[in-house]
Amino acid sequence: MSFETEIKDEIAVLRVTASRLDASIAPELKKVVSTIINDGTSRILLDLQSVKFMDSSGLGAVISSFKLTGQKGDFVICNINETVHEIFSLTHMDRLFDIYPSVDEGFQKMCA
Amino acid sequence: MESGKINLSIDSDLHQVQHVGEAVRVLCSSLDLADAKPSSVELAVVEAVNNSIEHAYQSQSGNSVDVAFEYDSDCLSITVSDYGAPMPNSIASQFSEDVSMPSGAVDIDELPVSGWGMQLLKSVCDEVSYQRQHSCNTLSLSFKLAAVSA
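Chains as they are written, first to last, in the working numbering: chain V, 1 to 112; chain A, 1 to 150.
Isolated chain V (complex conformation):
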């Protein structure tokens, strides 16, 4: 499994356990997020701590996941390393996403 989900206070903490969020697993991320939303949770905290490399397909899956949560949902990213941050920065997606250094900080912001 490349993903683990834990529900805390109606927030789904979705942890990518794979070291690469790339074209080989990007479709799986979208399916996991769809399942979380269909199960009734539209607030998602995406934990990328284990991810050391992300390609454009991974980025597309993250954007798609954000879109799936919809206007009433919430989508926050945390724990990204320098390499992954560079992808967000190059594409200016760091302006779009709320990105926090840790799960705790992301969780606190979502609960505030």
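Each hint should be verified, as a subset may be incorrect.
[Said to hold, decoys possible] Derived pair list, reagent style DSSO-like, types lysine-lysine, alpha-carbon separation capped at 27 Å: (1) V:LYS31 / V:LYS67; (2) A:LYS122 / V:LYS52; (3) V:LYS52 / A:LYS37; (4) V:LYS67 / A:LYS37.
[As the list claims (entries may be wrong)] A few chain V residues facing chain A, derived, Cβ under 10 Å: (5) ILE25; (6) LYS30; (7) LYS31; (8) SER34; (9) PHE53; (10) SER57; (11) LEU59; (12) THR83; (13) ILE87; (14) LEU96; (15) ILE99.
These are computed hints drawn from the structure, not numbers from a lab.
As the structure is a prediction and not an experimental result, all values here were calculated from the model.
For every residue, glycine included, the Cβ atom is placed at its ideal position computed from N, Cα and C.
Following the hints, position chain A against chain V.
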């Protein structure tokens, strides 16, 4: 810096692409890149190989994608080749255009969920070009190496 050549060939399976990425990292650790980081070179090569698998071979395994590295004192040149379908014009035309990333306020509803690969590739490479010849698609990437002081 000595010159050198390395050739790799992988099956057109997205699960195999990470092996090329790992090889790029090892190679770049012994080269003195001028501007790009090793992770940027890895990203560019992965995007080029993904493009071959997804567009030239329609994500069907059982075909070959060839990656050739050649370096000298000035430059690391990488070619990614396949014998699949030609690159769609919508993608190939991007090589003659400036990099176009969203600017200003970003509207999530307007954002595409695909098509970022070639833009990223152009962003990190010093030069990119595409050529189709004798049924072979070749994407050429180059990265400058830092000048060695005398």
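Against the structure, the hints come out as follows:
| no. | hint | verdict |
| --- | --- | --- |
| 1 | V:LYS31 / V:LYS67 | holds, 13 Å |
| 2 | A:LYS122 / V:LYS52 | holds, 21 Å |
| 3 | V:LYS52 / A:LYS37 | holds, 14 Å |
| 4 | V:LYS67 / A:LYS37 | violated, 31 Å |
| 5 | ILE25 | holds, 9 Å |
| 6 | LYS30 | holds, 9 Å |
| 7 | LYS31 | violated, 14 Å |
| 8 | SER34 | violated, 13 Å |
| 9 | PHE53 | holds, 7 Å |
| 10 | SER57 | holds, 7 Å |
| 11 | LEU59 | holds, 6 Å |
| 12 | THR83 | holds, 4 Å |
| 13 | ILE87 | holds, 7 Å |
| 14 | LEU96 | holds, 4 Å |
| 15 | ILE99 | violated, 14 Å |
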